[in-house]
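Trainee: Each chain, written out:
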Amino acid sequence: MENQSPAMLSVSPSPHFHSGESTAVIMQDVLIALVPATLMAVVYFGWRTVLLLGVCVGSCVLAEYLCRRAMNRPQTIGDFSAAVTGVLLAFNLPPTIHPLLAVLGCVFAIVVVKQMFGGIGMNFVNPAIAARVFLLISFPSQMSRWSIPFFYLSRNADTDAVSSATPLAQMATGTVNVSYMDLFIGMRGGCVGETCVLALLLGGSYLLLRRVITPEIPLCFLGTVAVISLLAGQNPLLHLMTGGVMLGAIFMATDYTTCPVNRAGKVIYGVGCGVITMTIRLFGALPEGVSYAILLMNILTPHIETLTQSAPFGKEAA
Amino acid sequence: MDPINTAEGMEGEDRSVVSAAPPQPVIELPKRPYRTHGGVHPPHHKNTAKLASEEMPAPSHVIISMQQHIGKACQPLVKVGDTVAVGQKIADSDSPVCSPIHASVSGKVKRIGSLLLPNGTEVQTVEIEADGLQTVCPEIAPPQVETPEELYLAVRESGLVGLGGAGFPVSVKLNFNSNRHEDMPLRKVDTLVINGAECEPYLTADCREMLESPQDVIEGARFLLRMLRLRRVIIGVEANKPEAIAMLRMVITARGLEKRICVLKLRAAYPQGAEKILVKACTDRTVPIGKIPADVGCIVMNVTSVGFLARYLRTGMPLVTKRITVDGTAIAQPKNVIVPIGTSVADVADFCGGFREDPRKIVMGGPMMGTALYTMDYPIIKQNNGLVFMGQAEAAAGQPTDCIRCGRCVAACPMYLTPVNIQHLAEQRDKAGIEEINVKGCMECGCCAYACPAHRPLVQFMRLAKTL
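As given, the protein sequences belong to chains X and B, one line each in that order. Residues in the first sequence are numbered consecutively from 31, following this note's numbering. Residues in the second sequence are numbered consecutively from -9, following this note's numbering.
Some hints here could point you the wrong way.
Stated by the list, open to error - Label pairs and their computed distance ranges (CB to CB):
{"no.": "1", "chain 1": "X", "residue 1": "Arg293", "chain 2": "B", "residue 2": "Lys281", "range": "40 to 48 Å"}
{"no.": "2", "chain 1": "X", "residue 1": "Leu96", "chain 2": "B", "residue 2": "Leu107", "range": "44 to 52 Å"}
{"no.": "3", "chain 1": "X", "residue 1": "Met38", "chain 2": "B", "residue 2": "Ala156", "range": "38 to 46 Å"}
{"no.": "4", "chain 1": "B", "residue 1": "Glu233", "chain 2": "X", "residue 2": "Val41", "range": "21 to 29 Å"}
What the hints assert, rightly or not - Taking beta-carbon pairs under 10 Å as the criterion, some of the chain X residues facing chain B (in silico):
{"no.": "5", "residue": "Gly50"}
{"no.": "6", "residue": "Arg99"}
{"no.": "7", "residue": "Ser209"}
{"no.": "8", "residue": "Asp212"}
{"no.": "9", "residue": "Ala256"}
{"no.": "10", "residue": "Ser259"}
{"no.": "11", "residue": "Gly263"}
{"no.": "12", "residue": "Asn292"}
{"no.": "13", "residue": "Val297"}
{"no.": "14", "residue": "Lys345"}
It should be emphasised that the hints constitute simulated quantities derived from the structure, not laboratory data. These numbers were taken from a predicted model, which means no experiment stands behind them. The beta-carbon is built from N, C-alpha and C at its ideal position, and this holds for glycine as well.
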């Protein structure tokens, strides 16, 4: 046959179709989902937020680039996962933190937590959470200097941020003086990206819609927090809308690498996150426990997976 | 009570006299499909569903493979220089799991050659130079089938294999107690599940069978119902073929068979047509790993196989042609073609107007489970149901990147496996770990690899794991 050119035919095992999804597209979707919360952070906490986000994303990507080069491994900054880690870590820092501390956190997240364990998909804890906890333990005072929204408009904003107790800290002492609406739109002190519940929910809906995440983890996490606060005689709405619960449940606990891959595992993992969060909030010395909860559940993930492994089709009948 | 155990008089010894016996009591026909797990939604691309099949004239030359079924390869019964006629048996074997092969054109045997299969093994071929007359073999006559034994023999002589793609000899499948392990109880089959799901993208050959020969499909089903003393027939068709569903239902109603035969509208999700998934969707029965559908009282046959059976009983003409869907971005005129077995892929492409662009990949079968061919000289075999000619863009493959543990493969696996873990165990050659994780349940449907955003070659890892 004249139209035959065997040398040009490519052969490969089935399947010959692909969904078209890629790691880069998924990470871009996460970045898109983070946009509303980013915008609100800039509105509430001013130009320093832009700087902080830039520093975090830049140093995460640079750290990943240099690390992969030094290890002589294929370059992976193109998958945007380092950028996601950068944004998420920035979201978990106080607005007025010194940029060099943020850089330290980023390097820790990318080099120690992610690349030293083999890069994307191999880290056993969430890099952003681990870096936040690392900073929280090492620099407790810098990590808990909260600013009220729009502090940058006041006259002495540049000399020092206006300190304020977060609603969670207020709750611990028994006097909460913010309205539900303020909490919902994020008019409160807190980490850069955790305050605006509305923006986080928007981002979460986008992730669900694009099927980047499944609802099991956020629902179980938030549901458990609500149920336990009810049982403890506290206001579940306050518990859901303060601290890092929203950010954690939607963006941090759902990190692919460090949560169980199966459905039953995701349910247990989500519930576990909620239980540990509320245990720390109700009985611990710290006002907030989301980071520790996710970190601990990250570590339990392989065991949850092993315990919840579903029987293959046709196995139980054999 | 389990419906299988309530079937009476199904022992093998009894079956020689059953044709005259009264039909078995009816068991409830399902109203809607039962739940199945996982699956993916590749684009359907059923472009040829509305195009009537075209019969391709016999080519000047056919290459007939001696391996057109699961089981031992056939031995040629003809030698170079012999004159053969259409429908003449040209190859057979004495192996119990085998299906004879018949000449698809009349002419002279030119060569006993060999063919390199895509899996690396070689198989004998009989090459026939056609005389263009298509003289039909004089011995061809409708078979006399009064007993199940006569049915098995007739089906064997028809050369029928599972036309859905697997190619298992149908005579062996129907005689479901013949290959039973000695210490196993007799299988009691009460349900015929007819596979009209056609869940592979592009393929519409089965869809055309249902639209063009619905009478044959129902006649074949009715015949098997009576002959094998079955209690019901469930035809599973994916919801994306509403015309086929309506057509079959019309014929069933017209012939008053509603109590025995039903058409089930299946969820359009790949792989609804996989045997074990189909049995679950149609009967809610789970075929255990390592067992066959007959172990849970079901026979599964492709809709085209059933249609062919009815035609064979009427005419006696063995399986010498096959309807295949020719499609893909590279082919000029996508269509359904009825081709003589042994026609080369290149001849089929010519019949479909040649190429719109240079094909980069040619897939025999559907894009999800089909085999990529290395040459266009490859012949069509019985169980082929499609040829997909992929152009540059369609054939482009993504580069594998690191697994991000997103869990899409776990959600997609219809067999409840965890490909994400199996790939690591396979890479580490961890035999014990693989044993534990039941990789044998994998049917290589490709859902995991299709869904993987990191483009991991998961099906290859599955195959590797199975060989460890």
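Trainee: Against this structure, judge whether each hint is valid.
Mentor: Evaluated hints:
1. X:Arg293 <-> B:Lys281: 40 to 48 Å: violated, 27 Å
2. X:Leu96 <-> B:Leu107: 44 to 52 Å: holds, 49 Å
3. X:Met38 <-> B:Ala156: 38 to 46 Å: violated, 30 Å
4. B:Glu233 <-> X:Val41: 21 to 29 Å: violated, 36 Å
5. Gly50: holds, 9 Å
6. Arg99: violated, 17 Å
7. Ser209: Interface hint status for Ser209 (chain X): violated (39 Å vs cutoff 10 Å).
8. Asp212: At 36 Å from the nearest chain B Cβ, Asp212 (chain X) fails the 10 Å test, so the hint is violated.
9. Ala256: Constraint on Ala256 (chain X) not satisfied, violated at 25 Å.
10. Ser259: For Ser259 (chain X), the interface hint is violated, since the closest Cβ of chain B sits about 29 Å away, which is over 10 Å.
11. Gly263: Hint violated; Gly263 (chain X) Cβ to chain B Cβ min 37 Å, cut 10 Å.
12. Asn292: Hint on Asn292 (chain X): holds, closest Cβ of chain B at ~5 Å, below 10 Å.
13. Val297: violated, 13 Å
14. Lys345: holds, 6 Å
Hint violations for this structure: numbers 1, 3, 4, 6, 7, 8, 9, 10, 11 and 13, all remaining hints satisfied.
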